[in-house]
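The chain contents come next:
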Amino acid sequence: MPFKAQDKALLEAIRYAGPDLRLMEICGSHTAAISKNGIRSLLGPNIHMISGPGCPVCVTVTAYIDKLIELSENKDTVILSFGDLLRVPGSNGSLQTAKARGADIRMVYSPIECVKLAQANPEMKFIFAAIGFETTAPVYAALIESALEAGLNNIRLLTSLKTMPGAVNYLLEKKSNIQGFIAPGHVCAVNGTHIFEELSRKYSVPFVAAGFSAEQVLMAIAALIRLNGQPKVLNLYGEAVTRQGNEKAVYAVHRYFEEGEAVWRGIGEIEASGLYLREEYSDFDAGSRGLIQDNSPDSCKCGEVIVGEIDSSDCPLFGTVCTPNNPIGACMVSEEGACFNRYLE
Amino acid sequence: MKGFSQMEKPKIITMSHGSGGADSRSLIGEVFERAFSNPVLSQMEDAALLNGFSKLAFTTDSFVVQPLIFKGGDIGRLAVCGTVNDLLTRGARPRYLTAAFILEEGLDISVLKLIVDSMAETAREAGVDIVTGDTKVIENKGIGGIIINTAGIGEIPGGIDISSKNIAEQDACILTGTLGDHHACLLSKRMDIESEIASDAAPLVEIVERLIDSGIEIHAMRDVTRGGLGTVLNEMLDTANGTRYSMGKEQDMLDLVIEQDSLPISQATSDFCGLLGLDPIYMGNEGKMAIFVPDSKAEEALYLIRGAKYGENAQVIGHTVPSKGHSARVCMRTSIGGLRTIRPLAGEGLPRIC
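Residue numbers (my numbering), protein chains in the order written: chain B, 1444 to 1788; chain G, 74 to 427.
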């Protein structure tokens, strides 16, 4: 890819030399894009990019992992999970270690695979480890819809679904002193940029929705520098994102899920920041409510990292005891995790 | 009407094929001997007698893959290419392979024949003979039908010393073709995603032969398989720097800087990786070498590689330089000019979920 003239202008813009500027990329995919493209090495020394709470694995509490392991001990049960979750430590081991001990835990790439498996094996119960944010929720809604259409009664979801505006509100309320956000591109594609408008006004802080290419991330950082704290919501990701979002997807989510309080790993309870199956679909629920216990080791500082209180490198475990091969905290497990990506840089 | 014996003939693998009796014998005759036939194998003794030669390279590898057959190859082609390419990395001319099969009862014999025929064809292409083998049958436990192990012997021409310890300052690193195709092909098939991506499984004999026959001084060479380029380059650099350290040259460590814009990646694989959030630098290949040669020889080497079968997309992807930091590293100059450390793969290199 040859350099384009506007890229050079962008690179110039992000070599900002003004007063300290603390910006947060909320979404884990942006965290990964920043590290993969070596973007931090191009920024002016006074720009501090903070990796936010938008990595689904990183904010899933230990009680959830423990519950999945407990469910996997039933003989007729198969746990289906996305890969990253397998290595996340629970209070006593991970799904990966439960699998090695003989539990039937399978990695899948899409929840829809669950339908095929459930049809082919009616004597087995399939529990999908349904973690994620607004972006993944429509896929789980589609899964329930498919299960209902096919008349399948051997599919369950153990949900740990979280929503962004509540978490961002929490960060800003805590006076984390973040002066601008790269808004999560996928979340905005589903829910629209309008979900950040009230927060922008209330806390007088800019949000810039961006895609995941190097150029998009550079543009978002340059835009946040230019906005210099003005409370605006900009959309640079017009190919996927609108102000209103994908109303069909939002409708499907609300049909099956309702909002509720959620516990975020390392952070704690945040009001109206979770999604739970509605009462009328509780037959699909494998016991998702009340999973609030979070037994992350005290020495793990993931919770402080993802709200911007400390940098990954300030955690005493970072890079020494806690590495991608021996993760102590969830942020070191996920490919989108704050610590994993800082370690890679 | 078919004769009685023909009707009775099992068309799937049964436990009796592993009995060591008549069914075992007929399986060997009808499937393996038929395909691999050569004078050494046809001795049909417990061990093959080989014609002697001087310095040998010897390696073994086992192959477990699902699906068994995929676009651009199958487990049989992989089993030959994997071992042949491992021998090539030391500059050996691959000569003889062994092939051991663990078959699961219920395996369709027509599938087995297809795989074995593909092994035979790939062995012919690579110029190796499959000279001894073994078959075991196990109960159906859902292991996917077939596991193959191959071991191989290759002959190293005089004066050849290829090893990661020989990597030197100002070496050019050449990658012989596009990254990630095998991994993307298998993933797309497993995930039921329509895609044109074919596996790159290939024996790279001609590429290595051309370099050696032209007297190019190859410092080091590795087959870029599991763990991908990122992991392989780290292992190579670790060996090089470890050797330097043990020789008391700790002031003399090397970094490897690769250029993102030089990495050959096909559009289809690039799109596929973009879709799933995968990094081609950590994806497995089955027909790609990373080759270190002195920079002064890079252009000639590249020309020779590009003229060989499976080498048309080769690129110089980076160079070794004196290490700047306290710990030597592999790093990448990204398309936008950023610098990123390339660490060995941690975890499994999985698709992102949102």
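No wet-lab data here; the hints were simulated from the structure.
Hints may contain errors.
With a Cα cut of at most 25 angstroms, we get these calculated SDA-like pairs of lysine to any residue [to be verified]:
1. G:K262 - B:T1505
2. B:K1675 - B:E1701
3. G:K214 - B:P1565
4. B:K1568 - G:R263
5. B:K1451 - G:D334
6. G:K214 - B:Y1552
7. B:K1568 - G:I216
8. B:K1542 - G:M264
9. B:K1542 - G:G215
10. B:K1518 - G:N213
11. B:K1542 - G:K144
12. G:K144 - B:I1555
13. G:K214 - B:Q1562
14. G:K214 - B:S1656
15. G:K262 - B:R1549
16. B:K1559 - G:K262
17. B:K1559 - G:D334
18. G:K262 - B:N1564
19. B:K1559 - G:D181
20. G:K397 - B:T1766
21. G:K214 - B:D1519
22. G:K214 - B:R1544
23. G:K397 - B:R1458
24. B:K1559 - G:L141
25. G:K214 - B:N1597
26. B:K1568 - G:G217
27. B:K1559 - G:V138
28. B:K1559 - G:M264
29. G:K214 - B:M1567
30. B:K1542 - G:D181
31. G:K262 - B:K1451
32. G:K214 - B:G1762
33. G:K214 - B:T1766
34. B:K1559 - G:G215
35. B:K1451 - G:K128
One-sided excerpt, in silico: chain B residues whose CB lies under 8 angstroms from chain G [what the hints assert, rightly or not]:
36. I1457
37. R1458
38. Y1459
39. N1489
40. H1491
Using N, Cα and C, we set each Cβ at its ideal position, and we do this for glycine too.
Comparing the hints with the structure gives:
1. Proposed proximity of K262 of chain G and T1505 of chain B is contradicted: the alpha carbons are some 34 angstroms apart, above 25 angstroms.
2. Note on K1675 of chain B and E1701 of chain B: the hinted pairing is violated, with a Cα-Cα distance of about 29 angstroms set against a maximum of 25 angstroms.
3. Our distance criterion of 25 angstroms between C-alpha atoms is met by K214 of chain G and P1565 of chain B, whose separation comes to about 20 angstroms.
4. Between K1568 of chain B and R263 of chain G the CA atoms are separated by roughly 22 angstroms; this keeps the pair inside 25 angstroms, and the hint holds.
5. For the given pair, K1451 of chain B sits about 16 angstroms from D334 of chain G by alpha-carbon distance, which is consistent with the 25 angstroms threshold.
6. Of the pairs offered as hints, the one joining K214 of chain G and Y1552 of chain B holds, with about 24 angstroms between alpha carbons and a cut-off of 25 angstroms not exceeded.
7. With a CA separation close to 22 angstroms, the supplied pair K1568 of chain B and I216 of chain G stays within the 25 angstroms bound.
8. Among the hinted pairs, K1542 of chain B with M264 of chain G is consistent with the structure: their alpha-carbon atoms are about 21 angstroms apart, no more than 25 angstroms.
9. A distance of roughly 16 angstroms separates the Cα atoms of K1542 of chain B and G215 of chain G; the hinted pair therefore holds under the 25 angstroms criterion.
10. A hinted pair counts as satisfied when its Cα atoms are at most 25 angstroms apart, and K1518 of chain B with N213 of chain G qualifies at roughly 20 angstroms.
11. A hinted pair counts as satisfied when its Cα atoms are at most 25 angstroms apart, and K1542 of chain B with K144 of chain G does not qualify at roughly 31 angstroms.
12. A distance of roughly 24 angstroms separates the Cα atoms of K144 of chain G and I1555 of chain B; the hinted pair therefore holds under the 25 angstroms criterion.
13. Under the criterion of a C-alpha separation no larger than 25 angstroms, the hint pairing K214 of chain G with Q1562 of chain B is consistent with the structure, at around 21 angstroms.
14. At roughly 44 angstroms between alpha-carbon atoms, K214 of chain G and S1656 of chain B are farther apart than 25 angstroms, so this suggested pair is violated.
15. Using a Cα cut-off of 25 angstroms, the hinted pair K262 of chain G and R1549 of chain B holds, with the two alpha carbons roughly 17 angstroms apart.
16. As the CA atoms of K1559 of chain B and K262 of chain G are separated by approximately 16 angstroms, the hinted pair is consistent with the 25 angstroms bound.
17. Proposed proximity of K1559 of chain B and D334 of chain G is contradicted: the alpha carbons are some 41 angstroms apart, above 25 angstroms.
18. Straight-line distance between C-alpha atoms of K262 of chain G and N1564 of chain B comes to about 22 angstroms, which keeps the hinted pair within the 25 angstroms bound.
19. Between K1559 of chain B and D181 of chain G the CA atoms are separated by roughly 24 angstroms; this keeps the pair inside 25 angstroms, and the hint holds.
20. At most 25 angstroms may separate the alpha-carbon atoms for a hinted pair to count; K397 of chain G and T1766 of chain B meet this at roughly 23 angstroms.
21. Restraint check: the Cα-Cα separation between K214 of chain G and D1519 of chain B comes to about 17 angstroms, which is no more than 25 angstroms; the hinted pair holds.
22. As the CA atoms of K214 of chain G and R1544 of chain B are separated by approximately 17 angstroms, the hinted pair is consistent with the 25 angstroms bound.
23. Between the alpha carbons of K397 of chain G and R1458 of chain B the distance comes to roughly 23 angstroms, so the proposed pair stays at or under 25 angstroms and holds.
24. Distance check on the hinted pair: K1559 of chain B and L141 of chain G sit about 21 angstroms apart at the alpha-carbon level, within 25 angstroms; holds.
25. At roughly 24 angstroms between alpha-carbon atoms, K214 of chain G and N1597 of chain B fall within 25 angstroms of each other, so this suggested pair holds.
26. Distance check on the hinted pair: K1568 of chain B and G217 of chain G sit about 23 angstroms apart at the alpha-carbon level, within 25 angstroms; holds.
27. The straight-line distance between the Cα atoms of K1559 of chain B and V138 of chain G is roughly 21 angstroms, inside the 25 angstroms bound, and the hint therefore holds.
28. In summary, the hint linking K1559 of chain B to M264 of chain G is supported, as the alpha carbons are separated by about 12 angstroms, within the 25 angstroms threshold.
29. Annotation: proposed proximity of K214 of chain G to M1567 of chain B holds, straight-line Cα distance about 18 angstroms (limit 25 angstroms).
30. Between K1542 of chain B and D181 of chain G the alpha-carbon distance is near 30 angstroms, which puts this suggested pair outside the 25 angstroms criterion.
31. With a C-alpha separation of about 40 angstroms, the suggested pairing of K262 of chain G with K1451 of chain B is violated against the 25 angstroms cut-off.
32. Annotation: proposed proximity of K214 of chain G to G1762 of chain B is violated, straight-line Cα distance about 41 angstroms (limit 25 angstroms).
33. The straight-line distance between the Cα atoms of K214 of chain G and T1766 of chain B is roughly 36 angstroms, outside the 25 angstroms bound, and the hint therefore fails.
34. A distance of roughly 18 angstroms separates the Cα atoms of K1559 of chain B and G215 of chain G; the hinted pair therefore holds under the 25 angstroms criterion.
35. Restraint check for K1451 of chain B and K128 of chain G: not satisfied, since their Cα atoms lie roughly 55 angstroms apart, outside the 25 angstroms limit.
36. Residue-level restraint check for I1457 of chain B is violated (minimum Cβ-Cβ distance to chain G is 10 angstroms; threshold 8 angstroms).
37. This hint is violated: R1458 of chain B has a C-beta 11 angstroms from the nearest C-beta of chain G, more than the 8 angstroms allowed.
38. With a cut of 8 angstroms, the hint placing Y1459 of chain B at the interface with chain G is violated, because the nearest CB-to-CB distance is about 16 angstroms.
39. Hint status for N1489 of chain B: violated, given a least beta-carbon distance of 18 angstroms to chain G, over 8 angstroms.
40. Residue-level restraint check for H1491 of chain B is violated (minimum Cβ-Cβ distance to chain G is 17 angstroms; threshold 8 angstroms).
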